[in-house]
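Residue numbers (my numbering), protein chains in the order written: chain A, 1 to 181; chain B, 1001 to 1279.
Please keep in mind that the hints were generated in silico from the structure rather than gathered at the bench. The C-beta atom is built at its ideal place from N, Cα and C for all residues, glycine as well. Careful: at least some of the hints might be erroneous.
[Claimed, not checked] Which bits of chain B does chain A cover? Going by a derived footprint, with three or more residues having C-beta under 8 Å, they are: (1) 1064-1078; (2) 1091-1098; (3) 1178-1189; (4) 1234-1244; (5) 1266-1275.
[To be verified] DMTMM-like, lysine to aspartate or glutamate: derived pairs with alpha carbons at most 25 Å apart: (6) Lys137(A) to Glu1053(B); (7) Lys1204(B) to Asp174(A); (8) Lys1061(B) to Glu157(A); (9) Lys1033(B) to Asp34(A); (10) Lys1040(B) to Glu155(A); (11) Lys1041(B) to Glu155(A); (12) Lys137(A) to Asp1112(B); (13) Lys1002(B) to Asp1112(B); (14) Lys38(A) to Asp1112(B); (15) Lys1040(B) to Glu168(A); (16) Lys1229(B) to Asp174(A); (17) Lys3(A) to Glu168(A); (18) Lys1061(B) to Glu155(A); (19) Lys1061(B) to Glu133(A); (20) Lys1040(B) to Glu157(A); (21) Lys1033(B) to Glu133(A); (22) Lys38(A) to Glu1149(B); (23) Lys1041(B) to Asp21(A); (24) Lys3(A) to Glu1053(B).
Each chain is listed here by its residues.
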Amino acid sequence: MAKLLEYPFTKKSIASLRRGDEVSLTGVVYTARDQAHKRLVALIERRKTLPFDLRNQIIYYCGPNPAAPGRAIGSCGPTTSQRMDGFTPVLLEYGLMGMIGKGERSADVVAAIKKYQGVYFITHAGCGALLSEYVTKATRVGFSDLGAEAIVALEVEQFPLIVAIDTEGRSIYDTRGKKKT
Amino acid sequence: MKTIKARDIQEKVMALALRANTHLRRDVVALLKEAERGEKKRLARRALAAIIENAAVADRKSLAICQDTGLPIIFVELGSDVRVQGNINDSIQAAVAAGYARGYFRASIQPDPVFRSRRLTHVPAIIHTDIVPGNQLTITLMPKGFGSENKAVTTMLNPTAGVEDIEQCVVAAVQRAGAAACPPYIIGVGIGGTQDYAGLLAKKALLDPLSASNKRKDIAAMEQRLLRKINALGIGPCGLGGRHTALAVRIKIHPTHIAGLPVAVNISCHALRSATVTL
């Protein structure tokens, strides 16, 4: 049975999540990928206002497809998380609570997740069509000039997640791949 | 001599763009279903079920299988007895752009790779053309997602390297990819030629039917052995562990120089997409 995670998110709502837990998320997540991360961190360094308040929010590493008529959004699966590794610790420091993506994270990210009590989720990778069915509304909130890399607030209902790295920094990837060839 | 008007291929290529991105190849679906049946780990099996369901949703609703509709790669096989009237490359580019727009696919191409400052577009596709015997024109479109393209590796081995060394190159590339490139993977391997040509062979290997294996028995045995070694890594579907890190390994070989042994590995995510039309 999946654990429920509902907006508004709080540190308390993620504290009990453990690596490998299945989670069903209802609420708002913000898409941001490579260029948006670069800009967010640049804005933080220059002490400028961000397109959205990072505190207790979740970023989804996703560059969605445009919505066809009658749909909230097009295909919208996760992109590779490790490209965001260099930017993630700063965002966590400035209040970001969680990330959704696919694949492993760097040791620095794991340490930052533990330090700031964040969480890293994965979702069905390469299943953008299926995942778009969980999105009820999409609203651009910043960096529109970036096209597919713009920040979009996605309202989702029972979006399927797995806890990949929990608030204690424990990762599902620690336990696999030990076999040698 | 057969004459084909460049303009006349546009509608066909536009259809390829839509079909390749929304309709998962049958041979891929077959292997995914077989994997699901054979997967013991619960979360891994669940991941495979989601992948199969995703393909069905994409098909039914004409949605992109993956939001990364890729950098479109085009393979043209132009019969030597075919004359194309007009510029075939221009027609293909226009058709790909139109098809991607019609499908509501993402513009994923940054025209300026260095300063990343331009508005994103759907093209240019990368076009590879081969002249082949006969009077047919065959066009294949492969949307290549970059989560997996980023994990491609070419290694220039010494000519004295053995089969073991070649296989180690391939297994190491998959290990480096880990869970990041959407496993279970389909692995294309190009052996021989030059550095660039091996890379092209590795990509072309992904177009071979997955239901078959290499015609040469010794190479087919390598494909099977590599698949076993890769699956022993235990990365599994979506990186959740389990028996299926890869669904298939396809190898293409080409003569090479006495001083070298290029080995290229092109990894495809589980959403290996391509569509072909023959005129």
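- Query: Against which earlier hints does the structure fall short, listed by number upward?
  - Reply: 2, 7, 9, 10, 11, 12, 13, 15 and 20
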